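There are 2 protein chains.
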Amino acid sequence: MKRKDKNTEQVILQTARKIFIQKGLAGARMQDIADQAGFNKALVHYYFTSKDKLFDLVFEHEMSNLFSNLVAIMSADLPLFEKIENIVSLDIDRLTQFPGLPIFVLNEMSRNPDVILKRVKKIPVQKVMNGFQKQINSEIKKGTIKKITADQLFINIQSLCIFPFIARPMIKGLLQLDDKAYLAMIEKRKTEVFQSLVYQCH
Amino acid sequence: MKRKDKNTEQVILQTARKIFIQKGLAGARMQDIADQAGFNKALVHYYFTSKDKLFDLVFEHEMSNLFSNLVAIMSADLPLFEKIENIVSLDIDRLTQFPGLPIFVLNEMSRNPDVILKRVKKIPVQKVMNGFQKQINSEIKKGTIKKITADQLFINIQSLCIFPFIARPMIKGLLQLDDKAYLAMIEKRKTEVFQSLVYQCH
DNA sequence: TTAAATTTTAACCATTTGGTTAAAAATAAT
DNA sequence: ATTATTTTTAACCAAATGGTTAAAATTTAA
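Read top to bottom, the protein sequences are chains C and Z.
Here our numbering is used: the first residue of the first sequence is 98, the next is one more, and so on.
Here our numbering is used: the first residue of the second sequence is 98, the next is one more, and so on.
Any given hint could turn out to be false.
Identical copies carry no separate label here, and so any pair may be met within one copy or between two of them.
[Said to hold, decoys possible] For lysine-lysine, the following DSBU-like pairs were computed, each having C-alpha atoms within a straight-line distance of at most 30 Å:
(1) Lys115 x Lys287
(2) Lys180 x Lys138
(3) Lys231 x Lys218
(4) Lys269 x Lys243
The hints are simulated quantities; they were obtained by calculation from the structure and are not laboratory data.
Keep in mind that this is a model prediction, so the values were computed, not measured.
The task is simple: from the sequences and hints, build the whole structure.
What follows is the structure, given as structure tokens:
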């Protein structure tokens, strides 16, 4: 008879997610998580055993959130530019919905690169990158795009999509943008980034 | 008679810098800073009063480190593409030398955006961006480049230069690169990024 | 309805943390 | 050489932290 209350568990998880994203692993407090979830701290331990275990669950989920759709789109049987357009669009939409996600994932990754590296390696990107490279090589041969590696193109796409979310305070400060102006700039990037990528390939 | 030992102060500062970059504000420990500097923890307080004060000094210096040269280059009387080439080259060289810098600065910025925003606003970028926009407009009028705003071009440049450093563990994991391959990829980006930027402008 | 199992709680614990105090040690001034 | 000042140290402190324990409360099974 196993009766863990799924609702309690979920409330704690969602609260933990919010606080870990705001404060990171080192800055988050189990007491705060418990308080904001509306339960007693011992209960958090009853359900999740330890802070590290709770964090692992949250992190796994957020990393998956960051990369979800990427593999699917890159595997899809689409023309190259349509594929790029979809990646850009979905990346920016995803991150507009979860703006704190990349800095959270990448910061925790930089804290503990080896442990997390093992998890990242499980994401089946290598096979997908091989297919992507073949597609790119085919387009190069056709003369439709300049010579570029799948790796560099992938990095360019992710750089142009993700960085403005990571660097939100810096960009707002340096370019003197208020929230509204910043969000307008992000929205504009859906087409700007895709256009940039098209131009640099042609 | 003021006799703070400059060497002691510097040793503590450099040690603090290293540990704050590794662990962040929340994760760094004053005892660790003292131990690694080779002094007693009370001494760290004697010189720097508190953890927050010490962190502020370190952060101010690192933020300046990240943005130094940027304003100078953007103000320089150089042709547009030469200017872009210099920004890219110096950015990548700087970050190759201090690879943990951007994730440190941007992560702490995301923790405390309002406080840090005031500091960022003091960097005289707005005037420089105006000049940059004028230069871009002039090139657009001449027909040498496509229509783009200084803001978006600036964001593209910084995205393409900085993101691969922030996302080091992710890139290594996803693309199955060892350290050597990663560094080779970074070195290659000096020309790749510049070329990409040129293509997207033309 | 009672007993068993599970969830939730309040209280507690050992350790860690940033910071303080006062004295010892070192340096500078007279 | 002595005194004054500054630096450095060891010891200490209160609060915070992640985690544990045992009992109360609730739910489920018989």
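Quick rundown of the hints versus the structure:
1. Within a single copy, Lys115 and Lys287 get their C-alpha atoms as close as 27 Å, which meets the 30 Å cut-off; across copies the closest is 37 Å, which misses it.
2. Taking the shortest Cα distances, Lys180 and Lys138 never come within 30 Å of each other, neither inside one copy (46 Å) nor across copies (56 Å).
3. Taking the closest pair of Cα atoms, Lys231 and Lys218 come within 30 Å of each other only inside a single copy of the chain (21 Å); across copies the shortest separation is 46 Å, beyond that limit.
4. Taking identical chains as interchangeable, the C-alpha atoms of Lys269 and Lys243 lie at most 30 Å apart only when they sit on different chains, with a minimum of 25 Å there against 34 Å within one chain.
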